[in-house]
Amino acid sequence: MLTLGIESSCDDTSIAVVENGTRVLTSLVSSQIEIHRRFGGVVPEIASRKHLEAILPLLRDTLEQAGVKISEIGQVAVTAGPGLLGPLLTGLSCAKAIAWQQQIPLIPVNHIEAHLTASFLANQRFPEYPFLGLIVSGGHSNLVLASGPRQFETLGYTVDDAPGELFDKVARHLNLGYPGGPVIQKTGEGADPHKYELPRPMAGKGYLFSFSGLKTAVVRLVESEGDALDLPALCAALQLAVADTFSRKVKLALQETRVKRLVLAGGVAANKPLREELARVAGKFKCEFLLPTIHLCTDNAAMIAAHGYLTADCAPENSLLVNAVANWDMGAPCSF
Amino acid sequence: MTKYLFIDASENATYIQASNSNTYFNQIFDTHRNLGAKITEICDEMLQKAAVANNEIERFIVCTGPGSLTGLRVANSFLRTLAFLSERPLAGIDLFTWTAATLKADGKRGKVCLMAPTLIDKAFAVEVDLNTDLALYQPEPKLLENRLPHSEMPTFGIRWQNAGIEKVTPTPEALHHLIETQKANSPDFSELLKILPLYIIPSQAERKLEEKKC
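Chains Y and U are the protein sequences, given in the same order.
Using my numbering, the letters of the first sequence map in sequence onto residues 1 to 336.
Using my numbering, the letters of the second sequence map in sequence onto residues 1 to 214.
Just so you know, the hints here were simulated from the structure itself, not pulled from any lab data.
Worth double-checking, as some hints may not be accurate.
Claimed, not checked - Okay, derived cross-link-like pairs now, EDC-like style, lysine to aspartate or glutamate, Cα gap no bigger than 20 Å in a straight line:
hint, chain 1, residue 1, chain 2, residue 2
1, U, 38, Y, 317
2, U, 122, U, 211
3, U, 104, U, 180
4, U, 194, U, 140
5, U, 194, Y, 61
6, U, 212, Y, 317
7, U, 208, Y, 34
8, Y, 69, U, 87
9, U, 194, Y, 225
10, Y, 195, Y, 225
11, U, 3, U, 145
12, Y, 69, U, 188
13, U, 208, Y, 225
14, U, 122, U, 140
15, U, 213, Y, 34
16, U, 167, U, 106
What the hints assert, rightly or not - Here chain U is said to cover these stretches of chain Y; the calculated rule only asks that three of the stretch's residues, wherever they fall, bring their Cβ under 8 Å from a Cβ of chain U:
hint, segment
17, 34 to 45
18, 58 to 71
19, 284 to 298
In this text, a Cβ means the ideal position worked out from N, Cα and C, and glycines have one as well.
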C-alpha cells in the first residue's frame, strides 16, 4: 500500500510517498525559511501564497522521484491540524482533489501525533506502545504517554512559549538570525554552558513547562553584561537550561509511569544538547531512546504518510468533509 | 459545448457553474468559512446536476478574484490539482473581466470603470474598453484610498454600489460566453502554474517591512 503524505501546516511544503507505513520512497520539502527570514518569523499570509506556488511542482517531483503513478497511490494522508489555517487549507484542498478524483481514501492527520511516529519511521518500524513522548518544536511543547496510535494522555504542556519560539525570540533579540534554534546551537558550540546561571522554569511544579521567563532572564542578562557579554557562553547556557528543564520533567514521568521507551520528536529535537541530555536520562532509566533523523525532525510529509497509514482506521467515514483546524488536541476526534 | 467546471470562491458564498454537452448549470452555496470542508460535496452536487463524472471534465476554470484570499486559494489549489492529474487545461477568470463581459452582454459599449471594495474604505478599480475582445483582457487594478468614482467614465461596482456607482452582478450567461469564446489554455504544467489568485496588494507584513525601510 502506497500512502501519499501532504504537509503544509506552517512554512514547509512537503509531499512524500511511503510504502506500507515504514518505507519512505521519497520525501521532498520546499522550505520557505529564506522568505520568512527577513520578517524574523513566519508570516501566515505569505506562507499561504508560497504553499500554493510550491505544492504542485512538489507533487509532480515526488511522484517522479518515487517512480510511481498517481493511480498506484492507495490513500492520501494530509495534515488537517494543528497549524496555520491558510497554509493547512492549501494542502488539504490539494489532498482532497487527489482523493476525490482518484476515489481513494483521505486520512486527516494530526501533525503533532505524526511527529512521534517520525521517530519510529527513522528506524523503519511501527510504533510500539506504551511510550513516553516529548514533542518540542516552534509551536509545541508536549509531554505525553502514548498507549496507541491515537491514544495519548497529556502529562505536560507549555503554559506560554514553545522552546522553538524561545530560541527564535532570543536569536532575534541578539540579532543572530532566523531560525533561532540552529544559530543558537552553532553560536554556543564549544562554549562553557555554566558561565551564566539561567533559571529552570517551573522546576518542581509537575509536568508543566514555561519558557517566557527564560527569555526575560536572557534579556536582563544581556542588559546587565553590556559589552562584556560572552555570546557563545550565553547560547550554551540557554540550551543547557532548556535541556535541563525537559530532562527534569522526563525523569519525573519515567519514574511515575515506569514505561521503558522514550521518544523525542519535533523541530527542536534537532538540538544537540537536548538530544545528548535525554539520551543520558534514557540510559539512566534503562529505556529505549528513539529520536528522528534531522530530516524527520522538521516538518515533513513522510511522517504524515506513516501516521496516516497507522491511523487510517480512525479516520472519519466521510473524511472528504473534514476541514482544517488551527487547534486539534492529540488523540481528539477529527472535527468537521 | 465544452464540459467545464468553474468555481468562484471570492466571497463567503461559493458560486459554481458546470456544463455538459448541451447546457450549463449554476448554483450559489453557503460555504461561509467552510469551503475547505465542503468543496468536494458542492462539486459533486453540481456535477450530478450536469450528469457529468469528474473524469469527464474537459476544462477547469477558477475565479482569480479579487476577494477572499483564503477562499480563492482553496478553489485554486483544488482545481489546479484536478487539472494536473487529469492533464486538462486550467484557466483563470477574474471578476473584472467577468463583470465587463456582463455589461457588454447587456449592450453597454465604450470605456467604463469597474470597482470592487477591499480592506476598510478602500477599493480596487480598473478601466476597461468594452469594445475590445474581453477574452484577451488582462486587468491591472489600482488600489483607491476611497470608494468614490474617480473618473468621468460610467462607474460600476462589482456586486456592490455606492453614490455614483451602479451595482452590477456578473451573470452566468456572460461567464458561459466568456468560457466558450476564450481560447483554452494548453494543459502544460508551466501554464497551470501561472494561474494564481490576483494578489493586488502586498500582505500586511510586507507593507510594514516597506514602511520600516522608508
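> Against which earlier hints does the structure fall short, listed by number upward?
Replying inline: Violated hints (numbers, rising): 6, 9, 11, 13, 19; every other hint is consistent with the structure.
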